[in-house]
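Q: Residue numbers (the working numbering), protein chains in the order written: chain A, 821 to 1088; chain B, 821 to 1088; chain C, 821 to 1088.
A few of these clues could be false.
Pairs count within a copy or across copies, as identical chains cannot be separated in the list.
What the hints assert, rightly or not - SDA-like mimics (lysine to any residue), calculated; alpha carbons at most 25 angstroms apart, straight line: (1) K958 <-> N878; (2) K828 <-> I1085; (3) K1058 <-> L1082; (4) K908 <-> Q1032; (5) K903 <-> N891; (6) K958 <-> R907; (7) K902 <-> S868; (8) K1058 <-> N1004; (9) K1058 <-> T1078.
Bear in mind the hints are in silico, worked out from the structure with no lab data behind them.
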Amino acid sequence: MESTLDFKLLEDIRQKKPLVHHLTNTVTINDCANITLCFGALPVMANSIDEVEEIVENADSLVLNMGTLSNEQYNAIILAGKKANQRKIPIILDPVGAGATTYRTRKIQDLLEILNPTVIKGNAAEISILSGQYGVLKGIESQGIYNNIIPTAEKLANSHNCIVAVTGQNDVVTNGQRTFIIENGHWLMGKIIGTGCMAASVIGCFMATGIQTLEACTCALTAYDISAELASIRADVKGPGSFKAALMDEAFNLQITTINRLAKIRKV
Amino acid sequence: MESTLDFKLLEDIRQKKPLVHHLTNTVTINDCANITLCFGALPVMANSIDEVEEIVENADSLVLNMGTLSNEQYNAIILAGKKANQRKIPIILDPVGAGATTYRTRKIQDLLEILNPTVIKGNAAEISILSGQYGVLKGIESQGIYNNIIPTAEKLANSHNCIVAVTGQNDVVTNGQRTFIIENGHWLMGKIIGTGCMAASVIGCFMATGIQTLEACTCALTAYDISAELASIRADVKGPGSFKAALMDEAFNLQITTINRLAKIRKV
Amino acid sequence: MESTLDFKLLEDIRQKKPLVHHLTNTVTINDCANITLCFGALPVMANSIDEVEEIVENADSLVLNMGTLSNEQYNAIILAGKKANQRKIPIILDPVGAGATTYRTRKIQDLLEILNPTVIKGNAAEISILSGQYGVLKGIESQGIYNNIIPTAEKLANSHNCIVAVTGQNDVVTNGQRTFIIENGHWLMGKIIGTGCMAASVIGCFMATGIQTLEACTCALTAYDISAELASIRADVKGPGSFKAALMDEAFNLQITTINRLAKIRKV
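So here's chain A without its partners, still in its complex pose (with noise of 0.2 angstroms):
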């Protein structure tokens, strides 16, 4: 493993307990907070533009979510994404669905227009097609085969000025000089909802220690693939339902060391 990966980020959440603000869809809010409250931070979901600026006030990162979006929650969306980027804060941005509607990808294209996300993660597809190349998504799932990704990816991190993290069988997290490839994984993770939003929280609680680096990015998602790789051999689970509540657990009760002997990260 890199010895520049220190995952010892993981129980700085678990002291700090840092507050994550989401701004997200309503399918998998409920699973967003609780990976959120699994992995030792503190999630907070309210969403009315009346008090979205307050929170973010406090709050030590920002995730927004695109997956249900409508005007009311995009507004939202860039009230609170302005404040954080005054304060400073960390945000994650997972533009579910880019490309998948006209609507959608115009809405994220405005959002990247006025707030700068520090994080930018998405599947194959929603990263190329905010990459301006082509991508095909079936609802919002990628498909076809993205040969050259980490191109991709590394031109729209240096695009944006940000880091983009692209999740799938393998992910690939870059800021545009330096590309890490994460290995872990488990395909189980694909038959469930939400893996790819939880993914997003889940780098929302690592960065809300301070540390915004294309380094706990890394970590975030390798700790998460990790729990799901834990879940997945667990002789109790037996398909999607059984393996979701194991992925809690597991994120519960992941171990640093258990990371170290797991992790499988090369640099490109």
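Starting from the structure of chain A, add chains B and C where the hints point.
A: Relative to the frame of chain A, chains B and C by itself:
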């Protein structure tokens, strides 16, 4: 088992991974997305008036659920439904709480003036009320005994030229001419929220294969009921909470041979 | 155990299946509906301004939760609450995040000018803030030590002529004159989202039987805490994910004899 019923449709879902768009309630939206994924289709749950038409443009079926209806949601439902009717993809209507309030009953009746659902799926009280009969709901639960639910369902099917599915201890599925009774299922289904909503999603999965028939609807509910039976007999199921996770597992693992062995369907 | 506390109320819920209407947040709405069903009542979660009054007309109790408050939701809450007060059915108010933002604090104070809740249930910080004392929230979590929470709760109960329930390691339940301390519960309750929200739903179940007393509220929280204890000792519970499913199971299976055996309640 009826020889006209071919559960190979389940294999078709898993092969084609059709897109099942939902406009549904905020209570069970996560469950509906997960059961769709467990049966092998891809769920999409976006509900903004600004994008539902474009999503339906690419969807293979549309599930409309009135559980937490608002005027805004109703308008999005109508837009999505018109597009689905234009494209001749199946609409599965779940008129949750029809008869529970004046507002909801009127909105559902308005909808039925505008849209042509392929399937109306409800409990005995909802179906009776929509059929112009007497029905009693307590909240959204059917109360009372409905001895003549078969002719009631047939009447509704004929008056709207659609399939009607009545879920309960036994399920009734009819197109007004032919009627199947499904004697599968388990009482624990009534002890978790959302089994009715999920039933509509499963019909949405089966019909998204392109087969918009009475048989496809019957196959869907039978497969779903058998998943529940398999979940109920698992040693690790100790109540509604563990049952719900097991139901997802068993839907995901369901084999056609198992369905053929356990299906209890009769024609009336 | 106090002889004045009669857990036969649990049997009454299961017999009568009262209707517990919720106007609640989008994060834990599914959990609140499920725990209500597990305790034997029927949940209804509709929140449109166009139908809440008619639903309350037929409801046996009303749970009002401020978790993801908006102006629209607030207006529906006020309409529903006025009807509940007119009909003299119990209102259980969960002032989630009172003190967390100016908006939220003001809206909760406005509500308390208009509605007469039967129970205000919150964590120590929320109850302290509503009582005009100092309180600290991190997101929606109570922070700090509240040594004088009992007089604080009593003061709030007296000023609003209602029951106040403070959940935490021990629960405090008071009507301002008499006060019970419940020493049941388990720390895992703090590791999943929604245990506070579900506590309000359980009070809603117990009070929906028609018994709007300090004792009914105390019985509710005790039964709920004991369900959590039973869940926590199950061999298949390995963390927060499996605990949540087990909590539902144990609430559903809970026996009055078990409650009587395990209840640790004292009068102060």
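Q: All the hints need checking, so say for each whether the structure fits it.
A: We went through each hint and held it up to the structure:
| no. | hint | in the structure |
| --- | --- | --- |
| 1 | K958 <-> N878 | between (38 angstroms within a copy, 8 angstroms between copies) |
| 2 | K828 <-> I1085 | within (16 angstroms within a copy, 42 angstroms between copies) |
| 3 | K1058 <-> L1082 | both (22 angstroms within a copy, 20 angstroms between copies) |
| 4 | K908 <-> Q1032 | within (10 angstroms within a copy, 49 angstroms between copies) |
| 5 | K903 <-> N891 | both (19 angstroms within a copy, 22 angstroms between copies) |
| 6 | K958 <-> R907 | between (37 angstroms within a copy, 17 angstroms between copies) |
| 7 | K902 <-> S868 | both (15 angstroms within a copy, 24 angstroms between copies) |
| 8 | K1058 <-> N1004 | both (20 angstroms within a copy, 22 angstroms between copies) |
| 9 | K1058 <-> T1078 | both (23 angstroms within a copy, 17 angstroms between copies) |
Consistency note: the structure conflicts with none of the earlier hints.
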